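Work the whole structure out from these sequences, hints included.
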Amino acid sequence: MTNHIKVEFEAKECNVGFARLVAAGFIAPLDPTVDEAEDVKVAISEAVTNSVVHGYEGGEGTVFMEAFSYDNTVMFSIRDAGCGIEDIQKAKEPLFTTKPDEERSGLGFTVMESFMDSLHIESKMGEGTTVTMTKRIGSRH
Amino acid sequence: MKTLEVNFKAIDNALVVKIRGEIDSQSATRLRRKIDIEYDCANVRNMVFDLSEVDFMDSSGIGLIIGRYKRVSALGGVIKIKGANKTVRRIIELSGLGRIVKF
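Chains R and F, in that order, give the protein sequences. Number 42 in our numbering belongs to position 42 of the first sequence; there are no gaps in the numbering. Number 13 in our numbering belongs to position 13 of the second sequence; there are no gaps in the numbering.
Any given hint might turn out to be false.
Claimed, not checked - Partner residues are not named here, just some residues of chain F that face chain R (Cβ under 8 angstroms, in silico):
#1 Q26
#2 F56
#3 D58
#4 S60
#5 G63
#6 I66
For the record, the hints were derived by calculation from the structure and aren't laboratory data. Since the structure is predicted, the reported quantities are computational estimates derived from the model, not experimental observations. Quick reminder that beta carbons are idealized off the backbone N, C-alpha and C, glycines included.
In structure tokens form, the structure reads like this:
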């Protein structure tokens with residue numbers, strides 16, 4: 001079965017939980033294990049939080065979320081039109097954060113990479129960032 | 001969206017912080033303020049995070065705990081975490097937090 005959704009919402013911290021619910025609902029027909037569902041929710045939470053907090057730096061903007069499923073594999077894409085990431089490799093380093101005063105852990109990309117099967121980041125300064133992640137669902141089958 | 005609840009108890013020189021609900025970027029900010037006020041008034045040295053009723057936590061929870069660790073350790077106290085589920089434990093392990101807090 002293949003499936004596809006597209007959702008966009010305001011870049012607000014209160015919408016991070018909404019994005020998690022959308023992701024959980026999208027993978028539900030694939031009959032994920034509890035661990036798989038949790039992994040996806042955590043990764044989506046990290047990616048959307050990055051867009052809200054770092055992409056738009058708490059200001060106005062829109063987060064674009066897209067999900068595809070094909071052959072028990074899901075692909076999520078989280079896109080913003082925010083400030084972009086200057087150095088992606090540096091941003092991916094565990095514990096690297098541009099906002100230490102706000103008690104950000106700097107683990108967002110580390111968690112995404114660890115909880116999903118693949119992570120791809122595309123970013124251009126002043127234009128925005130797109131994070132694409134895939135995960136195979138259905139280890140119970 | 002699930003509600004966030006936090007309850008406090010001072011037991012044996014420790015502030016026990018019991019969190020119910022989801023810890024993400026939004027809730028971590030609220031929790032941080034509440035916990036700091038309570039800790040400043042509790043006249044205890046240590047802090048225990050009871051996460052047994054936390055349904056969800058992302059890396060914002062790690063930032064929250066590290067921030068409290070700095071305050072508690074500055075006063076010579078320690079932080080203990082109890083009741084963390086499997087996913088929360090994985091995030092804690094990834095962060096290296098396990099080296100500075102007790103389970």
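(Q) Name the hints, by number, that the structure is in violation of. (A) none
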